[in-house]
Amino acid sequence: NAGVMQNPRHLVRRRGQEARLRCSPMKGHSHVYWYRQLPEEGLKFMVYLQKENIIDESGMPKERFSAEFPKEGPSILRIQQVVRGDSAAYFCASSPGGAGYGYTFGSGTRLTVV
Amino acid sequence: TQLLEQSPQFLSIQEGENLTVYCNSSSVFSSLQWYRQEPGEGPVLLVTVVTGGEVKKLKRLTFQFGDARKDSSLHITAAQPGDTGLYLCAGASMAHGSGNTGKLIFGQGTTLQVKP
Chain A
145 NAGVMQNPRH
155 LVRRRGQEAR
165 LRCSPMKGHS
175 HVYWYRQLPE
185 EGLKFMVYLQ
195 KENIIDESGM
205 PKERFSAEFP
215 KEGPSILRIQ
225 QVVRGDSAAY
235 FCASSPGGAG
245 YGYTFGSGTR
255 LTVV
Chain B
18 TQLLEQSPQF
28 LSIQEGENLT
38 VYCNSSSVFS
48 SLQWYRQEPG
58 EGPVLLVTVV
68 TGGEVKKLKR
78 LTFQFGDARK
88 DSSLHITAAQ
98 PGDTGLYLCA
108 GASMAHGSGN
118 TGKLIFGQGT
128 TLQVKP
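Here the protein sequences line up with chains A and B, keeping their order.
For the first sequence, my numbering assigns the number 145 to the initial residue and increments by one for each residue that follows.
For the second sequence, my numbering assigns the number 18 to the initial residue and increments by one for each residue that follows.
Calculated from the structure, these hints are not laboratory results.
Note that CB positions come from ideal geometry on N, CA and C, so glycine has one too.
A few of these clues could be false.
[Unchecked claim] Simulated restraints, written as ranges between beta carbons of each label pair:
1) P205(A) x V45(B): 22 to 32 Å
2) G160(A) x V61(B): 45 to 55 Å
3) Y39(B) x H154(A): 46 to 56 Å
4) R228(A) x A85(B): 35 to 45 Å
5) T94(B) x Q225(A): 31 to 41 Å
6) R208(A) x I30(B): 38 to 48 Å
[Unchecked claim] Some but not every residue of chain A turned toward chain B, in silico, with C-beta under 10 Å:
7) L187
8) K188
9) G229
10) A232
11) F235
12) A237
13) G244
[Claimed, not checked] One-sided and incomplete, this derived list gives chain B residues near chain A with beta-carbon spacing under 10 Å:
14) L21
15) S24
16) Q54
17) E58
18) G59
19) K120
20) L121
21) I122
Using the sequences and the hints, build the whole thing.
Take a look at the structure:
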């Protein structure tokens, strides 16, 4: 009964490269959320998706960032042309319904841009 | 914009002491959740409170949701080194009506260190 699986755990990218972060939600969960966390800060909402739909992307930067949750396969958070300021821990969470059910988080992907 | 303010931000205490962490907002939430996060890992859900005035207990942890559903507190009795970690409160928005709204708004967290 696997939980939320994120990969890779650590990702190093040079400035200007693309970063792809993957998230497989918990079995039976159809709601996926992406959050970003900087050191000694709380979690900042980025995007909320259900299968094939973006429900709320109010926390996503307007440029370079995109997210998808296809009918088959994991959810992907894609960052194009990464900059040093993108370095952070990115967490994916899933729930069986909305936020009121509580989230199950993955272990995160730590992105370092050099 | 809905915000959750947690206090204190940092807390260092001796084993056996009691402590309370506060989570406050000017906004009303349909539910409020508490998570605990250890270094290098994702947050883990501790509890969800839904009803104004609700109190829930989890062993030595007591969680309370304010009557007006704008604030919450976490009280730990006789803290142990294993309680060390980052404690996060999170509110489910009322913007889309009660119950199953979309995103959680997180406070900035309280870092707790319990010394043996």
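Status of each hint after checking the structure:
1. Remark: the range hint 22 to 32 Å for P205(A) to V45(B) is upheld by a beta-carbon distance near 29 Å.
2. Our hint of 45 to 55 Å for G160(A) and V61(B) is violated, since their Cβ atoms are close to 36 Å apart.
3. At about 34 Å, the beta-carbon gap between Y39(B) and H154(A) misses the expected band of 46 to 56 Å.
4. Between R228(A) and A85(B) the beta carbon distance is about 42 Å. The supplied range of 35 to 45 Å therefore holds.
5. The hinted range of 31 to 41 Å is not satisfied by T94(B) and Q225(A), whose Cβ atoms lie roughly 50 Å apart.
6. The hinted window of 38 to 48 Å between R208(A) and I30(B) holds, with their beta carbons roughly 43 Å apart.
7. Annotation: interface hint on L187(A) holds; nearest CB of chain B at approximately 4 Å, less than 10 Å.
8. Here the hint on K188(A) is kept, as its CB sits about 8 Å from the closest CB of chain B, short of 10 Å.
9. With 10 Å as the threshold, the beta carbon of G229(A) stays out of range of chain B, its nearest partner Cβ sitting at about 19 Å, so the hint is violated.
10. Using the Cβ-Cβ criterion of 10 Å, the hint placing A232(A) at the interface with chain B is not satisfied: the shortest such distance is roughly 14 Å.
11. The beta carbon of F235(A) is positioned within 10 Å of a beta carbon in chain B (closest approach about 5 Å), and the interface hint is therefore held.
12. For A237(A), the interface hint holds, since its Cβ comes within 10 Å of a Cβ in chain B; the closest pair sits about 7 Å apart.
13. For the restraint placing G244(A) at the interface with chain B, the shortest Cβ-Cβ distance is roughly 5 Å, inside the 10 Å limit, so the hint holds.
14. For the restraint placing L21(B) at the interface with chain A, the shortest Cβ-Cβ distance is roughly 8 Å, inside the 10 Å limit, so the hint holds.
15. Evaluation of the S24(B) hint against chain A yields a violated restraint, the C-beta minimum of about 13 Å exceeding 10 Å.
16. Taken as an interface hint, Q54(B) checks out: its beta carbon lies about 8 Å from the nearest beta carbon of chain A, inside 10 Å.
17. Taking 10 Å as the C-beta contact cut-off toward chain A, the hint placing E58(B) at the interface holds, the least distance being around 6 Å.
18. Among the interface hints, the one on G59(B) holds; its C-beta lies about 3 Å from the nearest C-beta in chain A, closer than the 10 Å criterion.
19. Interface restraint check for K120(B): the shortest CB-CB distance to chain A comes to about 5 Å, inside 10 Å, so the restraint holds.
20. Because the beta carbon of L121(B) sits about 5 Å from the nearest beta carbon in chain A, less than 10 Å, this interface hint is met.
21. Hint status for I122(B) relative to chain A: holds, with the closest Cβ pair at about 7 Å, below 10 Å.
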